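**Q** Sequence:
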Amino acid sequence: MIDDSKGKYKSARWSEWSSTIVQSLNLKQVTQGEYHGACPNCGGKDRFWINEYNGDVKVQCRQCNDFKEITNILRSQGLWPERENGFTAKEIEWPSASTQHPYLAKKKIAQHNALIDGGNLVIPINNHMGKKVGTQTISSEGNKKFSKAMPVVGNFSVLGGTITDLAYIAEGWATAASISEATGKPAVFALNANNITEVIKSLKIAKPHAEFIVCADNDEAGIKGAEKAKEDHGTTYMLPPKNMDYNDLWVARGAEVVQKFLTPRRFQDSVFWADDAEPILTNNYLIKNWLGANQLSCLYGASNTGKSFLALDMSWHIATGREWNGNKVVQGVVLYMATEGGNSFRNRVYALKEHYGDENALLAVRPSPVDMFNSDVDLPTLENLCNEIRNEKGEIALIVVDTLSRAMAGANENTSEDMSQFIKNCDILRNISNAHLMIVHHTGKDAAKGARGSSALKAALDTEIELDVQNESGIRTALCTKQRDLEGGAAYSFRLNVSVLGVDPDGDDITTVIIQKVDAEELEDAKKKQPKGKNQRLFLECFNQLKSDKVGQPNPAGTGWPEPHTYWVIQEEDVREHFTGKFTGSNHRSAWKQTLEAMISGDFICMNQGQIWLLSKEGKV
46 MIDDSKGKYK
56 SARWSEWSST
66 IVQSLNLKQV
76 TQGEYHGACP
86 NCGGKDRFWI
96 NEYNGDVKVQ
106 CRQCNDFKEI
116 TNILRSQGLW
126 PERENGFTAK
136 EIEWPSASTQ
146 HPYLAKKKIA
156 QHNALIDGGN
166 LVIPINNHMG
176 KKVGTQTISS
186 EGNKKFSKAM
196 PVVGNFSVLG
206 GTITDLAYIA
216 EGWATAASIS
226 EATGKPAVFA
236 LNANNITEVI
246 KSLKIAKPHA
256 EFIVCADNDE
266 AGIKGAEKAK
276 EDHGTTYMLP
286 PKNMDYNDLW
296 VARGAEVVQK
306 FLTPRRFQDS
316 VFWADDAEPI
326 LTNNYLIKNW
336 LGANQLSCLY
346 GASNTGKSFL
356 ALDMSWHIAT
366 GREWNGNKVV
376 QGVVLYMATE
386 GGNSFRNRVY
396 ALKEHYGDEN
406 ALLAVRPSPV
416 DMFNSDVDLP
426 TLENLCNEIR
436 NEKGEIALIV
446 VDTLSRAMAG
456 ANENTSEDMS
466 QFIKNCDILR
476 NISNAHLMIV
486 HHTGKDAAKG
496 ARGSSALKAA
506 LDTEIELDVQ
516 NESGIRTALC
526 TKQRDLEGGA
536 AYSFRLNVSV
546 LGVDPDGDDI
556 TTVIIQKVDA
566 EELEDAKKKQ
576 PKGKNQRLFL
586 ECFNQLKSDK
596 VGQPNPAGTG
606 WPEPHTYWVI
616 QEEDVREHFT
626 GKFTGSNHRS
636 AWKQTLEAMI
646 SGDFICMNQG
656 QIWLLSKEGK
666 V
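The opening position of the sequence shown corresponds to residue 46 in my numbering, with each subsequent residue numbered one higher.
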């Protein structure tokens, strides 16, 4: 600590001192003879000003309003005349603080360089030459005060050892302590946000080859301070979640999360030289040709196209290790976050279990809303959930967020700012879990324009899957429209088949649907021209009903017939009788005649010897 001896204050003549103060503090002229800028004591931007009063320099700060402290700081920097009785200082020694101190216990940090004076912590503040210039006192309740006459601008306190190659810059002492403990690197207490750029300036004098990363608080002042440091020194800044500092994050979520926020990727990744390059021949997929490990994907489509059923089906195959659409699958744990649909997912999962007959599928479903926009709401919970799942079942391979709109928690998916925040939190969850993250999403009003919302989403994706449905046939097709490391264009066609699970108390069927792959022949049939109009659809309905009731027989051999026993044939009069029985118009005879002719001319049916067969897969034996 610096103990100031009392002395008589001396005025600074305007003619002698004004230009020096203006230049040294980078003050800007506002009016004739008046200059504004950042306060050297409290750092308040544009709150400090000087002007001339009776030939002397008049100083004031509208934020701290502490003339004595301001002039002491100016004097220590050679910007104000010395006291008439001189200035003396003496060092006062304090013991090191205990980790049992209430403030340290509340902040969950070690004592670092903190000393103890009665019930208060004492933090020594130094300049770039290592000389003590003052202290910060912190009470048990967290009240803070800098020592009298202590200059703020460019001064700091270093925690966690000597700065060599890298140091982090924080606004507060407790924040710096958390950062140092999480990263194992020195952290610098910069006193306040406005002082960050000045601290870096001072540090670069002492450590010209070191790298500095700014870890300001994520609030207006902190962001401004970080941006100013970036502008002045080209430094990187890494902000915590909104309205938090890194000690808040440390207390709420622990060291690993802080470390992941702050560890630059260049420290995680190793470089290799071109001459040493060898091909990587290992598998890095969950579903080959579709989903890569630890990537980001989006499955999107219009409402009621079967997005959730497809995502759940893919999840089931990963959870059980089954091949999917003929593609190899790497088995792993799946966490499916069903933000809408609720308990219906229980029925869907049960139907999959019954359909495939699998036991011990590594699939966990979370049927409740989730906030993936505000990082301090559900991300800590999800991290704990991932850890619990990992400890019980093993590493998570896939996390599904169904749907994006519900997970945005009211944010605007159409703005790049909000979408970028959502993507950032998705990346955090991917890093926490080391899993592939799939987002289920919707198209906009114009489905041809792709997934709804800001283009920032598509830019961030490794894989994009578009889901479309043919209204006539009911066939759905999933198409890979983007693959970062693979060629796009992979496709999967399927139907949604009804599965009856049981009956409710009223005796009505409880149903869900499961996915049934469509083979190449059926897909080709679906691509052909489909019957139009309600009468043609009624014709098909009648024929298929009769076929399911075993009315008719396989076609015989002979002239005018296809290969024997290829198609199911039904007498025309049977189809006509069924058709006219369901027909609701006024002239069933004319309707039947016109419908029959249209079906023949459209190559939907053939006739021979008064018998009819369908020219499609449905018409085959």
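Treat the hints with care, since some could be wrong.
Stated by the list, open to error - Distance windows between CB atoms, simulated: (1) ALA266 - GLU301: 53 to 59 Å; (2) ILE250 - VAL375: 52 to 58 Å; (3) ARG435 - ASN328: 17 to 23 Å.
Keep in mind the hints are simulated off the structure, nothing from the lab. Just so you know, these numbers come straight off a predicted model, no measurement behind them. Ideal Cβ placement from N, Cα and C applies to all residues, glycine included.
**Q** Evaluate each hint against the coordinates.
**A** Here is what the structure says about each hint:
no. : hint                        : in the structure
1   : ALA266 - GLU301: 53 to 59 Å : violated (28 Å)
2   : ILE250 - VAL375: 52 to 58 Å : holds (53 Å)
3   : ARG435 - ASN328: 17 to 23 Å : holds (21 Å)
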